[in-house]
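Enquirer: Here the protein sequences line up with chains Z and C, keeping their order. full-length UniProt numbering numbers the first residue of the first sequence as 1 and each following residue consecutively. full-length UniProt numbering numbers the first residue of the second sequence as 1 and each following residue consecutively.
It should be emphasised that the hints constitute simulated quantities derived from the structure, not laboratory data. Only a predicted model underlies this, so the values are computations on that prediction, with no experimental measurement involved. One or more hints might be untrue.
Said to hold, decoys possible - Label pairs and their in silico Cβ distance ranges:
1. C/491 - Z/41: 57 to 67 Å
2. C/383 - Z/213: 27 to 37 Å
3. Z/247 - C/465: 36 to 46 Å
4. Z/297 - C/437: 38 to 48 Å
5. Z/248 - C/269: 13 to 23 Å
6. Z/62 - C/208: 54 to 64 Å
7. C/81 - Z/163: 20 to 30 Å
Said to hold, decoys possible - From chain Z, some residues computed to sit far from chain C (all C-beta separations above 12 Å):
8. 63
9. 90
10. 166
11. 233
12. 261
To be verified - Stretches of chain Z that chain C covers, calculated by requiring three or more beta carbons in the stretch to come under 8 Å of a beta carbon on chain C:
13. 64-77
14. 111-123
15. 279-287
The beta carbon of each residue, even a glycine, is placed where N, CA and C say it ideally should be.
If you want the building blocks of each chain, they are given just below.
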Amino acid sequence: MTEKRTVGRRAALGLATAAGVVGATARPAGAATGGRPRGPRPVSRPRATGELGRIRLTWEGEAYEPLVDHYAVYGSESAGFPISPQTLLTKTVFSTFAHNGMGGRSRRWHYRVVVVDAAGERSGPCPEFSASSTESVTVSGRPLATVGSFDHKSLELALAPAGYAQYPARFPSGVNVTSGSGAEAGWSYIHPGPMDSWAGRRSHRFTFRFRLDAVPAGAPWLAMWLVDTHASSPGAALFALNGTQVREVPLERGATRGSLEGDATLPGTVLKPSYVEFALPTSALVAGENVLTIDKNTGSWHVYDALGIFLR
Amino acid sequence: MRSPLPRSGRRSFLAMTGVGSAAFALGTGRAAADELDGVGVPADPFTLGVASGDPLPDGFVLWTRLAPEPLAPDGHGGMPRRPYTVRFEVAEDERFTRTAARGQAVATPELGHSVHAEVHGLHPGRDYFYRFRVGREISPTGRTKTAPAPHATPAELRFATASCQAWYHGHFTAYEHMAREDLDVVFFLGDYVYEYAINATNLWRQGVPMPPAEHNAPTITLEQYRLRYSLFKTDPHLQAVHAAAPWVTTTDDHEVENNYADELSLESGTPPHDFLRRRAVAYRAFYENLPVRSAPRGPDLPLYRRLRWGRLADIDVLDNRQYRDGYPAGQVFDNSPERRDPRRSILGERQEQWLYEGLRRSEATWNVFAQGVVMAQIDRDTGSGELYSNDQWDGFPAARDRLFAAWRRHGITNPVVLTGDIHRHVAAELKADWTDPASAAVGVELAGSSIASDGDGAETDNLAPIWLGNPHVKLYKPRRGYLTCRMTPASLTSEFKSVPQVRAPGASITTTARFVTEAGHPGLNREV
Numbered sequence: 001m002t003e004k005r006t007v008g009r010r011a012a013l014g015l016a017t018a019a020g021v022v023g024a025t026a027r028p029a030g031a032a033t034g035g036r037p038r039g040p041r042p043v044s045r046p047r048a049t050g051e052l053g054r055i056r057l058t059w060e061g062e063a064y065e066p067l068v069d070h071y072a073v074y075g076s077e078s079a080g081f082p083i084s085p086q087t088l089l090t091k092t093v094f095s096t097f098a099h100n101g102m103g104g105r106s107r108r109w110h111y112r113v114v115v116v117d118a119a120g121e122r123s124g125p126c127p128e129f130s131a132s133s134t135e136s137v138t139v140s141g142r143p144l145a146t147v148g149s150f151d152h153k154s155l156e157l158a159l160a161p162a163g164y165a166q167y168p169a170r171f172p173s174g175v176n177v178t179s180g181s182g183a184e185a186g187w188s189y190i191h192p193g194p195m196d197s198w199a200g201r202r203s204h205r206f207t208f209r210f211r212l213d214a215v216p217a218g219a220p221w222l223a224m225w226l227v228d229t230h231a232s233s234p235g236a237a238l239f240a241l242n243g244t245q246v247r248e249v250p251l252e253r254g255a256t257r258g259s260l261e262g263d264a265t266l267p268g269t270v271l272k273p274s275y276v277e278f279a280l281p282t283s284a285l286v287a288g289e290n291v292l293t294i295d296k297n298t299g300s301w302h303v304y305d306a307l308g309i310f311l312r
Numbered sequence: 001m002r003s004p005l006p007r008s009g010r011r012s013f014l015a016m017t018g019v020g021s022a023a024f025a026l027g028t029g030r031a032a033a034d035e036l037d038g039v040g041v042p043a044d045p046f047t048l049g050v051a052s053g054d055p056l057p058d059g060f061v062l063w064t065r066l067a068p069e070p071l072a073p074d075g076h077g078g079m080p081r082r083p084y085t086v087r088f089e090v091a092e093d094e095r096f097t098r099t100a101a102r103g104q105a106v107a108t109p110e111l112g113h114s115v116h117a118e119v120h121g122l123h124p125g126r127d128y129f130y131r132f133r134v135g136r137e138i139s140p141t142g143r144t145k146t147a148p149a150p151h152a153t154p155a156e157l158r159f160a161t162a163s164c165q166a167w168y169h170g171h172f173t174a175y176e177h178m179a180r181e182d183l184d185v186v187f188f189l190g191d192y193v194y195e196y197a198i199n200a201t202n203l204w205r206q207g208v209p210m211p212p213a214e215h216n217a218p219t220i221t222l223e224q225y226r227l228r229y230s231l232f233k234t235d236p237h238l239q240a241v242h243a244a245a246p247w248v249t250t251t252d253d254h255e256v257e258n259n260y261a262d263e264l265s266l267e268s269g270t271p272p273h274d275f276l277r278r279r280a281v282a283y284r285a286f287y288e289n290l291p292v293r294s295a296p297r298g299p300d301l302p303l304y305r306r307l308r309w310g311r312l313a314d315i316d317v318l319d320n321r322q323y324r325d326g327y328p329a330g331q332v333f334d335n336s337p338e339r340r341d342p343r344r345s346i347l348g349e350r351q352e353q354w355l356y357e358g359l360r361r362s363e364a365t366w367n368v369f370a371q372g373v374v375m376a377q378i379d380r381d382t383g384s385g386e387l388y389s390n391d392q393w394d395g396f397p398a399a400r401d402r403l404f405a406a407w408r409r410h411g412i413t414n415p416v417v418l419t420g421d422i423h424r425h426v427a428a429e430l431k432a433d434w435t436d437p438a439s440a441a442v443g444v445e446l447a448g449s450s451i452a453s454d455g456d457g458a459e460t461d462n463l464a465p466i467w468l469g470n471p472h473v474k475l476y477k478p479r480r481g482y483l484t485c486r487m488t489p490a491s492l493t494s495e496f497k498s499v500p501q502v503r504a505p506g507a508s509i510t511t512t513a514r515f516v517t518e519a520g521h522p523g524l525n526r527e528v
């Protein structure tokens, strides 16, 4: 039962169990010393790890004594950067931060974290730490077929940015698009899943067709960039090429906002872009028409940024 | 920004020096010192009003928060980063000529310059008036009262319930009317604030400017939660109800995050170790802004507690978020076998045992349960199947059965469950056998609608057939409003009051329904 888990966690945190009885009083952690509070200690063990389109930051530090109001994360592409409002990337109470929206090119960033406690006192910044994001196949590879622009926006796609309610009428049999000029007008920005009542609570298939005069030499890759997904039930995307299942990819949790807005490059956006890129079996491509299908058999919707097949 | 509440006279309070009182004041930090007195306090620091809460036979907790600029982006209300001594005065009359208690507390920046002054040594069952002073600044006056003596049998308890006050969805017109009621207590049953971003898509409250950009983001940090409370608490009608009667407050989910369960973030999927950090700052901001006694310790908030109204009523204030189990099979709505797992609990083992032990000892005529989510079984499948919300007690049927068994075991014949959460007026009989409409009612559940959440609402909606399809549901009304009750040794009269709109201000109030429940005969007899 939950209680056992809670007690265990309390013990791990070294917290006393407070009684909930009439007349009980308790002082908040950190309030007992009174007077001018001491500033919080800086975070320790900061780490940065590069991924496709983003860099993940983690650190360690006391959360409750004193209570952390937030961690102020500063960053710059210039080493030795100053701590200032201009270099403030985010404020978060979590001990992690995904620095998103870096695009397909590898970029090197430098970071420092400042702790701000409940009294408004600030720690000194932690030592600078750095990482580079991973380069996307959309940059390093040669495009064979694409739909949409890899730009963290869904705006060029059909029904974008908020026309999901029209999906059932516009795409009663799913999406079926052939690569080429105007493909974006036929590719719905939103791909519903079986949890979406507005789309009939069923699976939905998107089909992308592209022609190859000959099977090219080199390793084919698939790139699917998403502007956002459903926050609690993003589901999974099942990919098949020319009738052969290739891979099912669980999607990352988004912000449940991409169904209504489509530009993840705006300042302060709450959209959570994510990226799917993987190598396709070399034998999967054929000369002539190739058919890529994306099935959504679990979860709720995702919103596209762009989709493409590349040679690396 | 100035509090809309009327100011009290200044002369006597300014002349007051020292403590010299029989009252005991628990400050919010160390004992007050003269050097913390109000030198340099910014003008007009009482913009968020005053409040009292959790009345005992000899006292209550008094609340205020110093915030001359309540919407200052850093969440500190425009206060300098230093502690201040805040003095309070309690009197038997509104002019403060018969002082009953005086004391002082320290408002510290680490608690957002909030004050929680516990007053004891007063007479039971009496009205009192109170006010605060910092430097030369005097707060508005609040009215409160003590609970009756433990063995007294008061003639009545008059109370209201409120919940779900999404400031951005509408005006607090319901509070405008509630402030005119003659109330002993206000029960607040959860969703005092909402964690969502506020922007053009959900700002339905007409005639107010768009809040500053920092409100257009989900609340994650303490700074953001503090700002959210400040924004909501600037409402004059909310302040008026706080100043009119003591509040007894519990939480639901939106004080932290939609649908959370203990350390589980079911909405955003935040891992538990990080979600607990968010819960900690959310609980801290809750404490800083409400007249409750117990402060959180890290991510844990001592919230469940018991109050008594003489021998008329025992009031169990429940916490059905902090210790609950998650969804039984990963879904909000289902009828999964896991739902019926007897180990599942909405209260947690410790709170359940505390509750049952209190029921064993209870000698009151009425047993009131102030809590967040619907307890009655609500089958949401209008056909032959069954479908339940696992966010409500329906997600924990074994825990509900254990509670009903405790009622039977300990002779609790008049349970009254007060509920929020659903943004609808719902009255239901709690049944011994949900499958048999003819089975005995073992208690009543009164769920008052939201103050503002979901905007104007309607006379009916597409969920009405679902709720009213459950024969023990006697009222369903999706308008905004509140519940008032008059409880006597013989009966409970409950009135569901509604306003036709909240997007625009100024709506009149009407009584949608009135029920009478006779002591000893659980059930809802509709009069209006």
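Enquirer: For each hint, tell me whether it holds in the structure or not.
Expert: Do the hints match the structure? See the list:
no.	hint	result
1	C/491 - Z/41: 57 to 67 Å	holds, 60 Å
2	C/383 - Z/213: 27 to 37 Å	violated, 56 Å
3	Z/247 - C/465: 36 to 46 Å	holds, 44 Å
4	Z/297 - C/437: 38 to 48 Å	holds, 41 Å
5	Z/248 - C/269: 13 to 23 Å	holds, 19 Å
6	Z/62 - C/208: 54 to 64 Å	violated, 39 Å
7	C/81 - Z/163: 20 to 30 Å	violated, 49 Å
8	63	violated, 5 Å
9	90	violated, 9 Å
10	166	holds, 18 Å
11	233	violated, 9 Å
12	261	violated, 9 Å
13	64-77	holds (count 7)
14	111-123	holds (count 6)
15	279-287	violated (count 0)
In the structure shown, a violation is registered for the earlier hints numbered 2, 6, 7, 8, 9, 11, 12, 15, in ascending order.
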